[in-house]
Structures are given as structure tokens and as C-alpha cells.
Amino acid sequence: MKELMLTNQAIARGAYEAGVKVLSAYPGTPSTEIAENFVKHEGVYAEWAPNEKVALEVAIGAAVAGARAMSCMKHVGLNVAADPLFTAAYTGINAGLVIAVADDPGMHSSQNEQDSRFYARSAHIPMLEPSDANEAKEFVKLAYEISEKFDTPVLLRETTRVAHSHGFVELCERNEVGVRPYEKNAAKYVMMPANAIKRHVIVEQRDKALCEYVCSLACNRAEYTNENEIGIVCSGVVYEYVKEVLPNANVYKIGTVHPVPVPAIREFAGKVKELYVIEELEPFIEDTLKAAGVACKGKELFSLQGEISVPVIKAAFGLSADETLTMEKVPARPPVMCAGCPHRGVFYVLNKLKLSVTGDIGCYTLGAVPPLSAVDTCVCMGASVGMSHGFKKATDGEAKCVAVIGDSTFLHSGVTGLINAVYNQSGITLMILDNSTTGMTGHQQHPATGKNLKGEPAPVVLLDELVRACGVKDLAIVDAYDVKAVEKAVKAATASKEVSVIIAQRPCALLDKSPKPKMNVVNCRNCGVCMRIGCPAISKGENGIVIDPIQCTGCGVCANVCPFGSLVKEGV
Amino acid sequence: MTNILIAGVGGQGTLLASRVLGRYAMISGKDCKLSEIHGMSQRGGSVVTHVRIGDKIYSPVIWEGSADVILAFETLEAARVKHYLKKGGVLLVNSEKILPMPCITGAAEYPVGLQEKIQETCENVCFIKAQAWALEAGSAKATNIVMLGALCKLCGLDKGVMAQAVAECVPEKFRALNLKAFELGFERV
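Residue numbers (my numbering), protein chains in the order written: chain V, 722 to 1293; chain U, 404 to 592.
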């Protein structure tokens, strides 16, 4: 049976067919849908962990205990999980372990463009990279075979264009592999120096064996056309572009980006006119080939930044571009906080009070864009808290700053920063924007929502109790829609020398689908103050502002800032 | 091979439209790939979804100058992506305007006479009031399905197969509403 599937869904299907029993992940675009689809299968266990490090540790535990396991994350999530990753390469597994990691060339939804292939080389873990949905499913199954054959975790890399494309997938039955017996083996699983020194030797031997083995795999293949034509080495979505643009070229398609099947490519190079490597981001394959003495061209023709595309390849090989209509210069349409977003009023206040705001990763990063323009920094998950602490220490406590973090991100890695601030007495102010969900990635549950990945009821981590348990005495809880209360709380908290926390509560406006009241405009003087909150439902008309009734949720934040009482809630 | 580019604003239902076209391809026994970007752009930003239908598809992405059809759910978005259209391609536009944030704040102006400008530069362009017709069918959310109805008529696609694809891709309780929206798009374009 064939089905049109998102590649992430196909990876979940592949894990199901491979007999995977346990999956643990943290949401991150473009990887999120793997866990969301895997959990829909019968007879499997899947969960959202609070962060990627925990997720990978869970998967390692399950694999050592004897069940095939998977962990999924985006590229920057692998940084969080890097600690267990490097040592799991030493311990090896018992049952198969695959880590799916999604890179984001072009940064459609990310803060950097790092290339996770280097993790594979650096941690000595093989890495597969599929080109489309059907191949992704097959590669997952192959990854489990390699994992168990070589006693190693295996990385499965995808990029945004692969992760978020659909293709037809051939469905197969689940292979019920069962649970392998677990045997205590301290020399293998207890990585203290005496044991780890011995395991490192095994890791190097495994690397050598894998280098030879990957040349025999069908996923690494040469597609010959004509010996007078050039040869292209590529992997992932780039293969699809190459087949489109250069139908006459000889192609070496790499399935295992680590280890690169160097001997096979050396043979390929000998049978083609000239060898090119086309790859997104870093010259990973190119450098590997050059280090092995295989002459090739690559990054002198292609950028280290952004995505490869059909026009990019055409231009590199001097082929004429398709004829196009003239491009219009039109105003940009950047992403914005939704109408009714509970973050809006908070950023209005922070901007108004001219505070330095160390921000974090989530929808609320949009607090940096005009007209709110409130956020000063955004680095990584949880960084808001530590950075505010740093601001305070750099200025002997004088910095007028506030750290802003979402509920899911706080549980991911903000809580450790808060413990540090209490312990090292910086007197920071932390605002937890509690919208009861993981918003930006599309509404995933987390430990404070009361539901698990399956949507079943789950125990709740109470944020206020957690904050108090960290040693915070100064805690305020406010309604995020009540702009005046937010302002009062922020003023009080920033005046205090103690570490203070404000939890601004309101569920994400997209979660509540019940009929909403609408704001009505009465005697508007067109002063423009409500335009400063950047609500997409408000626009300027000739006789005052206009509310778009389709977008308006009646949150009332505009009424809160209107100096003349011209915005009135009506209906429902 | 048919390349259909769907452009709109996050939240307008461009993803569902691409799913319906994918189902259309499947029922028709064709190969198909879709490409989309989720995440940050969903939040009211510009979104573009690629649909490619044919005997064998490699790239999931359509490139500049290669789209047979563009479905634009908003006029500004039509202008933004019209250079993807191939010579003689069809541009179908929902004429309702949605102001982007720079226009709301006054940092930029929504271009005046944009519709006329697009009509001057494209050979086969059609503006319809898809959102108004969707409201007539029962919900502004069915704008995407109105667009598919109009596409079906304009490009001579199989109406029965497309209606079946719509029916299979929408939740059962909204099926009648969406089929009505599909019919309105088909009849009025």
C-alpha cells in the first residue's frame, strides 16, 4: 500500500516498521512531527522529554535495556544532547538506537546554520542521510541494522527541505523484534577511565570496519551515464536537484554521509570526466575526499550559506536560468504574534519601561520586531536567564534588565539558570510567559500542561512551586492580558534587589477555539497608541482605527492601552 | 508534469490546499511531491507551498520561472511570487487584502494599483473574491477550497476527482461546507 507522507511521518513509520518500542524527543522545527506521528502507532511508547539531553538518555537506557529506541531533535537540540551522544558511542548499545536530527540550511526556523554531520565524525557515530520520504523510511530500518551489527548508535540526518516535503511511501509490516535480554556488563556500560580507555580502542576499530562496510551498501551508489560526462557526488535533497538540472551527469549518491564511502567514490572518480561535490553548508564530503587524495571541485562554486537549489546549480554550471516575469518590490510580510497573543501586552510594557530584555527561543522571540522592539538578545534555549545574570554581574547589579522565557523553554533549560541566579545572588527579574503549551513548534505538551504526548492526563509540574523550590522568595503571578497589572508587577520586581520571578499566565490564543468577543471602536481620536502593540487585527482607517473581526479575539490588550476608552469589548 | 505554487499568509490554509492536490495526484495514479515550511513563518508571515505532480518527480521544490500555476491567497503574496510563473502559466489570485505588519505600523505602504500592475505583466491572470465566496459557503476558512474549485475550472482538471480529494481531506463535519465552497469556486470563476 502507498501513502503520501511527510518525511517526518515516514521516519516515524520506519521506526514503527523496525520494531522500535521507545521514542523520546523534544519538539524542534523541523523534527517535531516524527514523535507526533510515531505515538499514533499501536504497541509503542513515545514521550516528550523536557529537553534533548534527557530524551537521548532515555533512548540510550531503553536500548541498553534491550528495546529498539529512537530520539529526535533539531540540529541545535543535538548540542544539548551532545554529552550523552559522545559517550554512548563508547558504550555502544544492546538493541538498536537511532538519533534523528534535523538540520535547517537557510535557517527557516532556527538561530544558526550548524552542520550536524560534524557530530557524526567527531563522536565516531555513523550517519545516514535520505533524499525523500520513502528513502527516509527505508534508511531508518537500515540504521537499526547497522546499529545492531556494529554495536553503535546511528544518526539519521535530514534537512528542512526533506523533513517538510511529502512523497509516496510504500508501507510494510512491523518487524516485531521483541526485547533483547539485558546483561550487566560494567566494562561496557560504566564509562569510568579504566573502562573508557578500553572502549575507545573498540570505537576506532569499529570506525575502520564501518569505512569498509559502507562501500557495500546499496544506499551508496554510482549512477553512470557516460564516461565523457562530469561526475557529481551528492546526498540528501541535493541529489533530487542534480537529477533535475544535470540529467546527463554521472552521479554518486551518498546514503552514509559518515563514514563517506571514499574507496567507492575514488573508483567513481576514475570513470568520469571531472568530479564535483555539491553539498549544503560546510564542505564535509569535499574535505573528506580531498584529505583522501580524491581531486574534486566544490565550495569554489557553491556557498557555505543557505540552501542549494535548482537555479543555484544551473548558475554554477553556466546553464541559462528559466525565463521569469519581473520581480515586484513589495513590502515584506514578517511573522508576527497572532491577534490575541498573550505575549503582546508583556512586551508592550517592557518596551515602555525601556528595560533591557534578554530573550529566549519561542514565539516570544518575535517581541524583538517592531513595533514592540522589546527584546535585546536571543541565543539559545534557556539563555535568557543566564544572560540576565551576566548583565547584572557585569554592572554590579545596576543593569535594568529582565529575562523573558516561555513555560516549555523554562522547563527545558531555564530552571538551571534560575538556580544559578539564586545561588550566586544576582537579583535578576525573570518573567515566565506561561501560555500552557510549546507554541512556536505547533502546540506540543510539556511537563506543566497536564497532558502527555498522547494527549492523556499527566501529572503537572507546578511552575510557581518549582520557582519557590529554587529559593525564590519574590514571586508574582499575573494575567498576561491585564497590561496594568503586568506593568505594576514588573516595576516592583525590577526595583527589588532579590531574585524575582513573574509568571504571566494566559493560554496561547490559538488553543481556545470557542466563540470570542470582538473589540468595537467608539469615538476613536486616531491617536495611534494602540498601533504600538503591533496587533495584526488593528489597522488605520480614515476615521480612526479599524478592527478586523475575523482576526480579533477580544483579548482587550488594545483597550488596556487606549488612553480614551475608545475600544470596547462586545459580544459573547 | 504540473508545478503548482501556493502562496499565502500563515493561517490561510495553504497547507490543506496542497494536501488536497496531493490526494488528487494519488487518485489519478501520478507521482507527487509537496514541499512546505512550518514553524516561524506560520505566525502571520508569508508562506509558500510547492506541489509537483507528474510521472516521476525528483525535486520537491519549484523554482523561479517553472510554475504552471500559482494559487495566491492574497494580492501582495501574488506579486511577491509571480516570478515563479513560467511563460504562459496561470496566476489565480484571491483579491482580498491582508495588511502585513510593516503596513499596519506605517513603516511601509500597501502598494496602490497592485492588481492592475499584476494584470499588465501576466498573460493569464484571474482575480476572484474567494474569501467572500467562502463566507457564503459558511466559513472564511474555506477560502482555500474555493481556490481549488476555481483552479479546477481554469486548468481543466478532473472535477469529480478533485471533489473526491476535497471530501477525503477535510473533517467530516465540514465536508458539506467545503464541497459547497468548491462548487462556488468552480461555477463563478
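If you're looking for bench data, these hints aren't it; they were derived computationally from the structure. Bear in mind that the values here come from a model prediction, so they are computed numbers and not experimental data. Each residue gets a CB set at the ideal place from its N, CA and C atoms; glycine is no exception. Check each hint, because a few of them may be wrong.
Stated by the list, open to error - Computed footprint of chain U on chain V, listed as stretches where at least three residues anywhere in the stretch have a Cβ under 8 Å from a Cβ of chain U:
| id | region |
| --- | --- |
| 1 | 833 to 843 |
| 2 | 975 to 981 |
| 3 | 1022 to 1035 |
| 4 | 1048 to 1055 |
| 5 | 1257 to 1271 |
Said to hold, decoys possible - Here are a few chain U residues that face chain V, going by a calculated C-beta distance under 10 Å:
| id | residue |
| --- | --- |
| 6 | 509 |
| 7 | 582 |
| 8 | 586 |
Structure-based check of all given hints:
Counting residues of the region 833 to 843 of chain V whose beta-carbon sits less than 8 Å from any beta-carbon of chain U gives 0, not enough to reach three: the coverage restraint is violated. Counting residues of the region 975 to 981 of chain V whose beta-carbon sits less than 8 Å from any beta-carbon of chain U gives 0, not enough to reach three: the coverage restraint is violated. Only residues whose beta carbon comes within less than 8 Å of a beta carbon in chain U count, and the region 1022 to 1035 of chain V has 3; three or more means the coverage holds. Counting residues of the region 1048 to 1055 of chain V whose beta-carbon sits less than 8 Å from any beta-carbon of chain U gives 7, enough to reach three: the coverage restraint holds.
Residue count for the region 1257 to 1271 of chain V with a Cβ under 8 Å from a Cβ of chain U: 5. That meets the three needed, and the coverage hint holds. Taking 10 Å as the C-beta cut-off, the interface hint given for residue 509(U) holds, the closest approach to chain V being about 7 Å. Contact between residue 582(U) and chain V, as hinted, is not supported at the beta carbon level, the nearest pair being about 21 Å apart and thus beyond 10 Å. With 10 Å as the threshold, the beta carbon of residue 586(U) stays out of range of chain V, its nearest partner Cβ sitting at about 23 Å, so the hint is violated.
Hint compliance for this structure: hints 1, 2, 7 and 8 are broken, all remaining hints hold.
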